[in-house]
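Novice: Required output: the full structure, derived from the provided sequences and hints.
Here the sequence shown is numbered in this note's numbering, starting from 1 and rising by one per residue.
Cβ pair distances, simulated, as ranges: (1) Glu63 <-> Glu135: 52 to 60 Å; (2) Ala117 <-> Asn50: 36 to 44 Å; (3) Asn14 <-> Asn113: 23 to 31 Å; (4) Lys136 <-> Lys65: 42 to 50 Å; (5) Ile43 <-> Asp11: 17 to 25 Å; (6) Lys19 <-> Glu134: 31 to 39 Å; (7) His54 <-> Lys86: 17 to 25 Å.
For the record, the hints were derived by calculation from the structure and aren't laboratory data.
Think of the CB as a built atom: it goes at the ideal place given N, C-alpha and C, for glycine as much as any other residue.
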Amino acid sequence: MPFVTVYYPEDQLNKEEVKKASVGIHHSLIEHFNIPENDYFQIFLPYPSNQFFHDPHYLLEGEKKRTNKMIHVSITCAPGRTIHQKRSLYQSISGAFYHHLNIPATDIFITLNETSAENWSFGQGTAQMIALKEEKEK
1 MPFVTVYYPE DQLNKEEVKK ASVGIHHSLI EHFNIPENDY FQIFLPYPSN
51 QFFHDPHYLL EGEKKRTNKM IHVSITCAPG RTIHQKRSLY QSISGAFYHH
101 LNIPATDIFI TLNETSAENW SFGQGTAQMI ALKEEKEK
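Specialist: Dropping the structure here:
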């Protein structure tokens with residue numbers, strides 16, 4: 001049940017590239033977080049290039065440097081994944097951006113926000129994840 005928000009410089013990705021990024025992120029979530037294929041909720045939000053402030057070197061290894069084309073991938077999901085799964089996911093998403101769009105991993109910033117199941121509604125004013133949990137407990 002991940003919900004993905006991707007913030008990117010407004011002049012960086014065209015419509016086709018947004019779709020490639022979306023598919024790459026989704027396949028990474030399927031592979032590393034074992035989500036169902038139809039659990040697909042993403043929004044891409046462009047930002048003006050002059051409104052993302054960051055240090056070009058913070059926590060990067062060696063002489064690597066971020067550019068002014070930083071992309072922030074924010075993933076909200078249920079808790080329960082291992083550190084190994086999270087690390088694999090980060091590598092996979094960064095790899096997808098590089099493989100499909102030639103965007104270096106240094107420019108891919110990923111945050112993971114874990115939110116318990118009762119804090120989700122997938123529409124209709126219903127807490128579907130609670131209902132599923134209650135059914136399993138019967």
